[in-house]
Amino acid sequence: EAAVTQSPRNKVAVTGGKVTLSCNQTNNHNNMYWYRQDTGHGLRLIHYSYGAGSTEKGDIPDGYKASRPSQENFSLILELATPSQTSVYFCASGPRGSSAETLYFGSGTRLTVL
Amino acid sequence: GDSVTQTEGLVTVTEGLPVMLNCTYQTAYSDVAFFWYVQYLNEAPKLLLRSSTDNKRTEHQGFHATLHKSSSSFHLQKSSVQLSDSALYYCALSGTGGYKVVFGSGTRLLVSP
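Chains A and B supply the protein sequences, listed in that same order. Just so you know, we're using our numbering here: the first sequence kicks off at 1 and counts up by one. Just so you know, we're using our numbering here: the second sequence kicks off at 1001 and counts up by one.
Don't read these hints as lab results, they were simulated from the structure. There's no promise every hint is true.
What the hints assert, rightly or not - Here are the computed distance ranges between Cβ atoms for each label pair:
| # | chain 1 | residue 1 | chain 2 | residue 2 | range |
| --- | --- | --- | --- | --- | --- |
| 1 | B | Ala1028 | A | Gly51 | 23 to 29 Å |
| 2 | B | Lys1069 | A | Gly16 | 44 to 50 Å |
| 3 | B | Ser1072 | A | Gly17 | 39 to 45 Å |
| 4 | A | Leu80 | B | Ser1070 | 19 to 25 Å |
| 5 | B | Asp1002 | A | Ala52 | 23 to 29 Å |
| 6 | B | Leu1017 | A | Asn27 | 34 to 40 Å |
| 7 | A | Gly17 | B | Ser1030 | 42 to 48 Å |
| 8 | A | Arg96 | B | Asp1054 | 34 to 40 Å |
| 9 | B | Asp1054 | A | Ile77 | 29 to 35 Å |
The beta carbon of each residue, even a glycine, is placed where N, CA and C say it ideally should be.
All chains, full assembly: derive it from the sequences and hints.
Put into structure tokens, the structure is as follows:
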């Protein structure tokens, strides 16, 4: 079973503060993703990566940066957090190749921006 | 761009009865795979089933879905739901290369006794 670990599980931040969400996967998957989950919107893609050193913008990248320093690690960075970024964030990994790519999700990070 | 539409936000069904969760899509890709993910309360989404073959029924854990490219649909069905099926269900698609998976807005299934 693929293993994707996110930290922290819960985070409270202040408006204007910097927040870093971390994700680690031990399955040697090339692709990694950051989604946010909001009621009524489902899972929306923020950033994704093909491999170490690469980051790509997803559907809602504004206000977020991403970093992929290694195959295993993919971080999501909020330089200036805002209350609208209060959400549950999921990291996922998947093997590159065919279109039948299964995503393996982490347990999520609940972020509250006050 | 690609899109997945799940029209029902909440579906309530009595235990033992059948259920169908709707999923339609739009895509420009010819090589596409389709997925249903399930998310139980306070857990991560996980794959329920997937398909890329037109008109072929795919089954897992008592659920089944058939991709119909003629109607751009991939509805999820179960003939007899259980209380443990209560969860959030996402329909998704992935186009050529699998670099980007597009999710629908999700349907919450609530099974009542």
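Hint check, failures only: 4, 8, 9
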